[in-house]
Structures are given as C-alpha cells and as structure tokens.
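Each chain is listed here by its residues.
Number of protein chains: 2
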Amino acid sequence: MLEVLLFPRKRSAPRASEQMAQHKTVLATGVFDILHPGHIRFLEESKKQGGPGARLIVVVARDKTVRDRKRYGPTLPELDRVQIVSALKPVDRALLGHEHVDFLGVLQELRPDIVCVGYDQNDIKRRVAKLVVDQNLPIRVVQIAKFGRNGLNSSSGVKKRIAKNWPRTRAASR
Amino acid sequence: MLEVLLFPRKRSAPRASEQMAQHKTVLATGVFDILHPGHIRFLEESKKQGGPGARLIVVVARDKTVRDRKRYGPTLPELDRVQIVSALKPVDRALLGHEHVDFLGVLQELRPDIVCVGYDQNDIKRRVAKLVVDQNLPIRVVQIAKFGRNGLNSSSGVKKRIAKNWPRTRAASR
Numbered sequence: 169m170l171e172v173l174l175f176p177r178k179r180s181a182p183r184a185s186e187q188m189a190q191h192k193t194v195l196a197t198g199v200f201d202i203l204h205p206g207h208i209r210f211l212e213e214s215k216k217q218g219g220p221g222a223r224l225i226v227v228v229a230r231d232k233t234v235r236d237r238k239r240y241g242p243t244l245p246e247l248d249r250v251q252i253v254s255a256l257k258p259v260d261r262a263l264l265g266h267e268h269v270d271f272l273g274v275l276q277e278l279r280p281d282i283v284c285v286g287y288d289q290n291d292i293k294r295r296v297a298k299l300v301v302d303q304n305l306p307i308r309v310v311q312i313a314k315f316g317r318n319g320l321n322s323s324s325g326v327k328k329r330i331a332k333n334w335p336r337t338r339a340a341s342r
Numbered sequence: 169m170l171e172v173l174l175f176p177r178k179r180s181a182p183r184a185s186e187q188m189a190q191h192k193t194v195l196a197t198g199v200f201d202i203l204h205p206g207h208i209r210f211l212e213e214s215k216k217q218g219g220p221g222a223r224l225i226v227v228v229a230r231d232k233t234v235r236d237r238k239r240y241g242p243t244l245p246e247l248d249r250v251q252i253v254s255a256l257k258p259v260d261r262a263l264l265g266h267e268h269v270d271f272l273g274v275l276q277e278l279r280p281d282i283v284c285v286g287y288d289q290n291d292i293k294r295r296v297a298k299l300v301v302d303q304n305l306p307i308r309v310v311q312i313a314k315f316g317r318n319g320l321n322s323s324s325g326v327k328k329r330i331a332k333n334w335p336r337t338r339a340a341s342r
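Residue numbers (my numbering), protein chains in the order written: chain A, 169 to 342; chain B, 169 to 342.
Pulled out of the complex, with its shape left as it was, chain A reads as follows:
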C-alpha cells in the first residue's frame, strides 16, 4: 500500500482529461482524523462533481501541518490516516501532503479539473480560488455542503464525546 502514499515530489501527473476524453480528476483534501459518515459523504459528493468516470485524489494533511495550524496534533498519525482514506470506495488515490503547505505545487503536480472543499474549508477555498485566478488555471473550485443532523458529524464532536465519557463509568446515551 505504501507506494500510493508518498507524494510524487519530482514528477507531474498527466491531467486525466488529456488521457481519457471527458474523465475528470477531482481533488479533495482534509485531515480525516476520526472517520465519520460526513467524511464519506464529502468524498462521494466530491467525486460526483467530476461526472461519470471521474477519478478522486485525496491529499491528507500531514501531522506537522495540523499541529502548526491548530496547535494540537491529530489523534491518528498521518500514515494511519492516509491508509484509512485510501481504503474508502470513492477514493482512487490518497497521498500525504507536503509538510509546508504548497497549494500551487499540489495543483501543478496533480493537475485536477476540479478542487472540492468542505463546508469548513473556507480558507482553503479562498486560497485555491485566488491561485486559479492569478495563475489562470483551468480548475473549477466547488464547496460541498455540510451533511447530517447530529453533532457527531465532525471529528471534534466525536472526540468531545469520547473525552466526556472517559473513563467508561457512564454508558453512552445512544
């Protein structure tokens, strides 16, 4: 499995649509720390944006990137997180990002037709949209709406619940 996990630092992937007529490459990114159905719906919806035959590539955030941004690290180490994401049905390829976030480098290397961001990824949306304009890149940026009705549709919500119920003296209420 490891060969799919490492970022191809030196080579540039051909754009899928150059090889296979209408088949689009969709790019999504995230931490994917504690997996919940919201993640899966996000990835399914992202892939749908590319239409039939689309290929979904997911860049999983490095531990260092998460620590630098949030001042606390993810629970699962990056190799675990990328293995989990690559095991999901909608995902054609999962790989770890760069430790020093480099959006332009990623776009140039993976050459997506579409970049999908989550409802809580406004910062990424703005930065990618700016690059698309500044660099005149043929990329569509799509924000995927939030799914679900309960507080467990976020990794933070799941963690809060676990912490609240630890040690296991209380049965979970649902």
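In case anyone wonders, no lab produced these hints; they're calculated from the structure.
Hints may contain errors.
Each pair may be met inside one copy or between any two copies, as identical chains are not told apart.
[Claimed, not checked] In silico lysine to any residue, SDA-like type, Cα no more than 25 Å apart, as pairs:
#1 K332 - L247
#2 K257 - I282
#3 K232 - R294
#4 K293 - T233
#5 K257 - G219
#6 K314 - D291
#7 K238 - A331
Since the model is a prediction, treat every value here as computed from it, not as a measurement.
Since the structure of chain A is provided, determine the placement of chain B on it from the hints.
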C-alpha cells in the same frame, strides 16, 4: 445506502458458491467504533481467505449489543458505524446484527463459506466453532492475527489517547 443496512430477517440469502462455482462468501463481524488501520487489515485479510472472487459480508454489532456486553456503548451510533464499514473497499455488504445476538440465525441467513474472527474475538470463535460442529455446518472458522505495532491499533487505544489529550492543551506527541 439504507437498503443495504437492514438485516434480511425473513429471507435466506443463497450461498454464493451455489451460484458462482468457486466464489466464496466470507463473513466477519465487529463493532468498528473508531476506525483504525487494524480494522481495514482485518477486513482485507478476511476477504483473502475466500480466494479470488470472494464476497465479504460484515455484520456490525448493534448499540444495544455493545452496551449489554461491555456496559458502555460505542461512541458512534450503529447507523454511522455500518455506513462507514460499507464504504470500505474490501466490503461487499455491511449490515447491522440483531439486537439479541443470534449466531445460528445469522449463519443460516447469510450462509457463509468462511467465518473470520479477529485476534480479540475468541468468544465469537468458540461459539461459532461449536455451532459448526453441533449443526454440522459446511463452514470454516478462521482467526485473523493481530496487525500493527502500536497502541493505536485498537478503538480503545484511540479513545484513551483522545481522552488523555482533552481539552486540547497538549499537542499530540506524534
């Protein structure tokens, strides 16, 4: 997605090997609360036991079953857990178990050729093996070895780590 999640209480699935020569049906079960790479490796190894063309069915434990057995419930509700499992590449079908565990009923309904149990499922292994002998069922029971080297290869290990680091005053050490 919902139609795949409910247990077919009244009808009996045909054994895959009756329909398609050598294609085996493998059955695995578990709680799958906080997903980690050990779960994925367990499911991949389980499917391998059936050889080429095998079909993997996973019965996900109900919230009530977990509460009755462990005196504390899972963090993610059963519908979330079965959605996550059904989104994993090795899994052909995921469904919720019965609230009152009924191993014989499950075996008669799903008619697996092989039942795979995890390294920590000795009780299930014993109970299924006894049923196979008592009922003279054509089922092979296989215990899959433990994977991984770190303490995060168990849902409990992951939860312990989350609780220890909550609130988020400490950066995770890896």
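We went through each hint and held it up to the structure:
no.: 1; hint: K332 - L247; verdict: between (27 Å within a copy, 21 Å between copies)
no.: 2; hint: K257 - I282; verdict: both (19 Å within a copy, 24 Å between copies)
no.: 3; hint: K232 - R294; verdict: within (22 Å within a copy, 44 Å between copies)
no.: 4; hint: K293 - T233; verdict: within (17 Å within a copy, 43 Å between copies)
no.: 5; hint: K257 - G219; verdict: both (16 Å within a copy, 20 Å between copies)
no.: 6; hint: K314 - D291; verdict: within (16 Å within a copy, 40 Å between copies)
no.: 7; hint: K238 - A331; verdict: both (18 Å within a copy, 18 Å between copies)
The structure shown violates none of the earlier numbered hints.
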